[in-house]
Amino acid sequence: MKAGKSRNTSEKEPGSLPAAALAVLVHLVFIGLLIFGFHWKEKPPEGMMVELWQDLPTQPIAQPQPPVKSTPPPAPPPPKQPPKPAPEPKVEPKTEPQTAPKPEPVKPQPAPPKRPDIEIKEKEAKVKAEAERVQREREEQKKREIEEQKKREQEAQRKRQAEEQKKREQEEQKKHEQNEQKRREEEALKKRQEEEQKQREREEQKKREQEAQKKREQEEQKRREQEARRKREQEEKARQEAQQAAAAAAAAAAARAQVASEIGKYQAMIKAKIRSRIVMPPDLPGNPAVEFDVTLLPGGDILGVRLRKSSGYPTFDSAVERAIHLSKPLPLPPDPALFSEFRNLNVIVHYLE
Amino acid sequence: MNTTVTEDLSLFYLISSASLFVQLVMLLLLLASLLSWWYIFRKLFVLRDAIRQSDEFEDYFWRGVDLNTLYQRATTARYTAGSMERIFISGFGEFSKHPPGTDVDMIMESTRRAMQATYQREMDRLETHLSFLATVGSVSPYVGLLGTVWGIMNSFRSLSNISQATIAHVAPGIAEALIATAMGLFAAIPAVIAYNRYVSDTEKLATRFESFMEELSNILQRRASH
Chain A
4 MKAGKSRNTS
14 EKEPGSLPAA
24 ALAVLVHLVF
34 IGLLIFGFHW
44 KEKPPEGMMV
54 ELWQDLPTQP
64 IAQPQPPVKS
74 TPPPAPPPPK
84 QPPKPAPEPK
94 VEPKTEPQTA
104 PKPEPVKPQP
114 APPKRPDIEI
124 KEKEAKVKAE
134 AERVQREREE
144 QKKREIEEQK
154 KREQEAQRKR
164 QAEEQKKREQ
174 EEQKKHEQNE
184 QKRREEEALK
194 KRQEEEQKQR
204 EREEQKKREQ
214 EAQKKREQEE
224 QKRREQEARR
234 KREQEEKARQ
244 EAQQAAAAAA
254 AAAAARAQVA
264 SEIGKYQAMI
274 KAKIRSRIVM
284 PPDLPGNPAV
294 EFDVTLLPGG
304 DILGVRLRKS
314 SGYPTFDSAV
324 ERAIHLSKPL
334 PLPPDPALFS
344 EFRNLNVIVH
354 YLE
Chain B
24 MNTTVTEDLS
34 LFYLISSASL
44 FVQLVMLLLL
54 LASLLSWWYI
64 FRKLFVLRDA
74 IRQSDEFEDY
84 FWRGVDLNTL
94 YQRATTARYT
104 AGSMERIFIS
114 GFGEFSKHPP
124 GTDVDMIMES
134 TRRAMQATYQ
144 REMDRLETHL
154 SFLATVGSVS
164 PYVGLLGTVW
174 GIMNSFRSLS
184 NISQATIAHV
194 APGIAEALIA
204 TAMGLFAAIP
214 AVIAYNRYVS
224 DTEKLATRFE
234 SFMEELSNIL
244 QRRASH
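Chain order of the listed sequences is A and B. Sequential numbering from 4 applies to the first sequence in the working numbering. Sequential numbering from 24 applies to the second sequence in the working numbering.
Hints are computed from structural coordinates only; laboratory data are not their basis. Ideal placement from N, C-alpha and C gives every residue a C-beta, glycine not left out. Watch out, some of these pointers could steer you wrong.
[What the hints assert, rightly or not] Sample of chain A residues facing chain B (criterion: CB under 7 Å; computed from the structure):
| hint | residue |
| --- | --- |
| 1 | Val29 |
| 2 | Leu31 |
| 3 | Ala271 |
| 4 | Phe342 |
One chain only, chain B, in its complex shape (with noise of 0.2 Å):
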């Protein structure tokens, strides 16, 4: 790429010089890196905050505290709390909306409900962004491609005019092409690798999600029926 040529081979020579659809291609491919790793860093903190939160709402819940308390204590922070507890104050809300002496199946039926909902906004705003990443990873491999071949293709058609070819004539056409297929592949790894870390992470959150709202269920079931 770099070694036969005398011609100045710079990078930004290279992508000046290349054709419209080529630089269409590569600008395409910047920013859908650039977004993927702005989506990268903020599902990070994201998911970081959830995991943190998750943690100090679970050790707090099971030292055995009043539940009253700490439906109060919880709803006074509404707005910094975390995700698991979000699904206890929906459902012991709902729980204790019931005036007593009603029907323990509804009141716990009801209860389930409240919390599944509250679980698929949380998991849904967990989960956002992600399937972006995973297109960035799975498409820009393709769409780099796309741009060397037409990238080569070019380089080619003009060696017809050329009698006697050499590989300095194609060169720098193929080195232009090949920086696409490079941007492409600089897009799609880190895509790829935060896709899957952060795909495991929400499905570890998301079984500590619904454990913590079976037995939040149970227990409000038992306290409802003595």
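If we strip away everything but chain A, and leave its shape as in the complex, we get (with noise of 0.2 Å):
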């Protein structure tokens, strides 16, 4: 291989660069495929054996159970325990406001005094005794009365305080009446508003809506009439594009009529001056015909003729071959572009005209 190399010093073979580059490319490329086939078949049937294994060493089935049925118990007290806590604070509010009132109201001990102290021992005796009696039943009187005044008292500013509370409630009733009539004449004036708000932009809406379906009719309007434009344009293009087509089609039939033309001309020249060449052998039965493979080169010249079918008369055959190498200049047209189709010639010669 070194040896050829050095023999074409004279050229260096192009692209050799480039030809590595695919082959080390190409080895990659399979490197990559057979690694990958190579793993892809074998996770598979790593899998089945792991799955066989964890069976077999755990001969009881009911151990790998258990564990599948203990593990959900733990998880529904939580639920449970949550709801418990809730319900007592709600209890110890109620309790406490019953019991604070009840504290307050107790009424004060009755009177103590009524000592019936019947001693009788001296008259004297019972006469301080009855005069201490009095004084006592005196001093009584004076203290339930003192007692009764303080009882009325204390109802009459009970009583006070309570007209005072009716009138203060009284009075919150009415600030409340008043405060929420004035928030339904606001809320009201409010609704007023939004609802001419709304009315108006509703209107603006609506002149909105009116002005865009306006516009929207212009520009298809437009639209329509840059289409209808479009399409005469591309109408009339078409057309310019069709005559053009057409006359251009025309021209090439044209020319290629002209050139089939000149090639049937040449080869009607060709065949007559080939046939003027024959000397035609006597008396052959019917109209036996002989085909040719000439071969030129450009100005005429014959390189080759091949018998390509045969007359079945022999006679004929070296007649017409002799013909073909005589008339050696053969005729061809003086445009070398048509030479291509005289280079292989095809020659059917006919005995009879």
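From the two separate chains plus the hints, produce the assembled complex.
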């Protein structure tokens, strides 16, 4: 291989570097495919093995089941615990307000002194005792009156307080009602304003929609007009193109026809020239035909003549072949581009014209 | 190959655990494969260019252009010329070197020799590396087979020390040995395909060159005799 390279020092071989890069690429792709294929085929059987080994060492099948059952129980308790503490705080606030008012209205202790001292030893003692009783009774009466007065005053105070409370409540109710009325009025105002705004917005929206519709209609009209213009232009273009194409096709056809007529003309000339040189063998039955392949050189020279299909009469075949060789500078069209049509010529000669 | 064994059977593990001889065989086959693919692509480019240049030149030649202008055009572009153009240059150059009045047979004889020499040089250039592709295509399967046989021999020899032999003991050795055969086939198949294709291409080109030489010598002879 080194010898081969050294012989070709006249020219470097093109593309040896890209070729090397392509060769390396082919190998990389192949190795990549191989590795991928190996991994792809390897993994599934491994998974099968793992499953088989797990079943075999654990002979009691009941063991794997309990862990499955034991795990669920811990889960339910947490939801039950939280609801219990929740009701307790609700009960406490209710009990406290009930107990609080009770201690206040505890009534004062009833009057203690009622001691019938009935010890009659002497009259004097009786008189004294009576006088003391009278005094005591008076004092007690005074105390009772004072207490009654206090009670009345207290009741009056309570009544006043109650009345004041009622007044306050009434005032508060009035205030509330006034406030509510104000609020209602304000709300009504707001509602009216909002309704007005909404109406305005609706009207604006209607206006906008109308304007948008007008715009759309205008745009659609414009589009239609533009489309119509485009269509007209396209049709005109298409017509022009069709005309041009027709003209081009006609020209091409004319050129082809010219070329064909030229080729046909020269073919006829060649045939006539060959035919004029044939020395016809006499008295052949029927109308035999011979076919030759003639290779021409530019300039009309004949490079080779090969018999393609014999007529069945060797004398006729050889006469035609001689005639082809004799008519040597064959007439060819002056245009060298047409020579390709004449390079390999197929000549068929019939015995009778 | 990869269903029974629990061992790691990845490709690199198999290659790295193979014996030294098998590894050498694999390396050799990898190099052969790389080189053959390199030549495959090089020859592809070269032959494609040759066919294209011949087409162009033949098309231009048979348009009936004057031979002198054709010769000048060809010589100015001598280094980008194709094989057929170079045959024409050598033949016409030799033909025009003779002074007018020399014997026509002599002129034609020397012209033909010059064209023949160029033709053979061109054919030699087109056929280089084809022999290498043929060698890789025919030999590398055997080399791979040799590596495989060697690896299997080793794996069976290590089996002799074990009392209870199972497939699992032999399988990795056989798997790693079979890689060598796979590599040999991988190197051989494209080389054989490319060899056949390129040989037919070069033969077609050769017949084209030969017929062109005959036709050109005819033209030149007619020109000399006038």
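Evaluation of the provided hints:
no. : hint   : verdict
1   : Val29  : 5 Å, holds
2   : Leu31  : 11 Å, violated
3   : Ala271 : 21 Å, violated
4   : Phe342 : 5 Å, holds
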